[in-house]
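Colleague: Since each chain comes alone in its own frame, lean on the hints to assemble the complex.
Chains A and B supply the protein sequences, listed in that same order.
Our numbering puts the first sequence at residues 1 to 95.
Our numbering puts the second sequence at residues 96 to 342.
Hints listed in this document are in silico derivations from the structure and should not be mistaken for laboratory results.
From a predicted model like this one, the values you see are computed outputs, not experimental measurements.
Mixed in with the good hints, there may be bad ones.
Some chain B residues near chain A, calculated using beta-carbon distances under 7 Å [unchecked claim]:
#1 E126
#2 N133
#3 A135
#4 L136
Far from chain A, by Cβ distances over 10 Å, these chain B residues were calculated [unchecked claim]:
#5 E127
#6 K295
#7 H334
Just so it is clear, CB atoms sit at the ideal spot from N, CA and C, and this is done for glycine as well.
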Amino acid sequence: MTEQQWPLWEVFVRPRRGLSHSHVGSLHAPDAELALRNARDLYTRRQEGVSIWVVPAATITASSPDEKDSFFDPAGDKVYRQASFYPVPEGVEHL
Amino acid sequence: MSFGYVLALADDALIAAQRLAEWTSRAPELEEDVALANIALDTLGQARLLLTYAGELEGAGRDEDDLAYLRDEREFRNCQLVELPNGDFAVTIVKLLCFATYQHELYSALRDSTDERLAAIATKAATETAYHVDHARLWTLRLGDGTDEAHRRMTDALGRIWPYTNDLFNGDWIDPALLADGTAVDPATLREPWMSTVDKVLTEATLSAPDDDWAPTGGRHGEHTEAMGYLLAEMQYLHRAHPGASW
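In isolation and in its complexed conformation, chain B is listed as follows (with noise of 0.2 Å):
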């Protein structure tokens, strides 16, 4: 059932939004810290639509609110790379590289699900994510190709974030009648032009992927890091605590 499936794609937009507006404030100066906090808002808003068609689709009358808030853990399914703890601004930038280029195709791919609402969420989505892609490039190309400091922590960042990339592209948690009727994409299409666009960037960049064979999974089965606790802890804390709480 396509629950399932739009639910992973929601948390994917959902913790990845959480993670870039921790940068709120932060960020290493004041135009950087408002461009990441606009990617993490376009981000934000894919995950309420997602959300709320998830919990459309599942009939059990929960909202975005309870599907974002109200669950735990084991129940989230999105991929263990949008949780990585940020790091320092060059592991946020290989993260964002590496995940809005794989959103990007995913959304360009599905503008022609058979799912009309999902191919209209999608289309909106895909422009977005074209903007987020080109900021971690730019960025990419100046850090990697930058000074010698750069270079180096940008190469220890691709060393910390690439292994869990692979799990992008496995389908395995997709329920093939979705990928028969044209709802949803097999992610391991996407292999092919994610790692086109993302090697095109890094080898323009003077960096290259790492010789790395280690691919952890299991987000999509509820199975996250030691980080994604925390994450939720912070996320959920005040909706927890005052229920129903608004502005």
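For reference, chain A alone in the conformation it holds in the complex (with noise of 0.2 Å):
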């Protein structure tokens, strides 16, 4: 006998106002309503947060750790992408 496991919710929470919601782990629901609630009372015990979203594991499409080199190497040597890679002009305050 196969028992149905319920689907898989990846959880986001937001700490406080003025934060992004980021992601904080995944919990079993049978749907999204029970889903935020499973959520509330697995990650914000502790005030953790103040707003939380639930996303369907199944619709979040993910990069493949094979196209890792493909994907993310090519910005390695694009150093003038960083702030940094500037110098600050003359007279320019609060930088």
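Modeller: Now the structure itself:
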């Protein structure tokens, strides 16, 4: 006998106003409404957040580890994309 | 005197928490396990505040532990509803729906109690119980309007639990002076809002309240069901075997 398991959900919590939601973990729930409540019970027990998102794990399209080189290596030699590459012009304050 | 009133509220919360905690490590899914334990902890927190206050009102030097662990069955004032065995998950959810909705109506009304300490406890508890009602509502909808087996179990559960809800609204044990001075809330006034919430959930879940006029009573006077002694034995064993034990 195979027992059907609840689908997997990814949980994102915003620690406080002004910050973005961050991924904190995952959980099982039969539907979105209960996933949100389970997330509340599992991931905000110590007042970790003021807002929760739950996303069906199956709907996330993720990059593959096999593609790591072609995805991320080309950015490695483009130091001019870093702010620190540029000298600060004389007389500019508050940078 | 208000000791008896506060004690009954405390015992409701204490015994309900003890029953819910029995699900720990046994719930259908890990997530639900945590959710039920979480609700039990809220309820236990209410019990601790109320027991401590009851002890102060009594003025005999009893603290929350003395009241929770060193009283015998006939001294407990909780309604019989909360001591009923958990049964299957459906029974637990129906019990939670009925009890949490009652608690929520009661605490919401007690926010205006003329007893400031009681009003403060009720204000905190009303927020917590709103979530408990919601949890029970979501599961009632999913089980009642779910598979045939789930619907059947929910119907059975309602049949088992429903008669014991009558006693929630019986106020014959409350000192009339407390009702008159605004310390206590007359439970009879809670029946209508309670029924309106519960009935709405049941209807949406394609369930209905049983047509049963059996209304067991007695918990407020220390008369309990046969399940109560076993519950207390488990709850009180450690404290009585090792008095003063702590973590």
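Colleague: For every hint, state whether the structure bears it out.
Modeller: Taking the hints in turn, this is what the structure says about them:
Checking E126(B) against chain A by beta carbon gives a least distance of about 4 Å; that is within 7 Å, so the hint holds. The interface hint given for N133(B) holds, since its Cβ lies 5 Å from the closest Cβ of chain A, which is under the 7 Å cut-off. With its C-beta approaching chain A no nearer than about 12 Å, A135(B) sits outside the 7 Å limit, and its interface hint is violated. A least Cβ separation of about 10 Å between L136(B) and chain A goes past the 7 Å threshold, and the interface hint is therefore violated.
Against the 10 Å criterion, E127(B) falls within the reach of chain A, whose nearest CB is about 8 Å from its own CB. The claim that K295(B) lies off the interface holds: its Cβ sits roughly 17 Å from the closest Cβ of chain A, which is beyond the 10 Å cut-off. Against the 10 Å criterion, H334(B) stays outside the reach of chain A, whose nearest CB is about 26 Å from its own CB.
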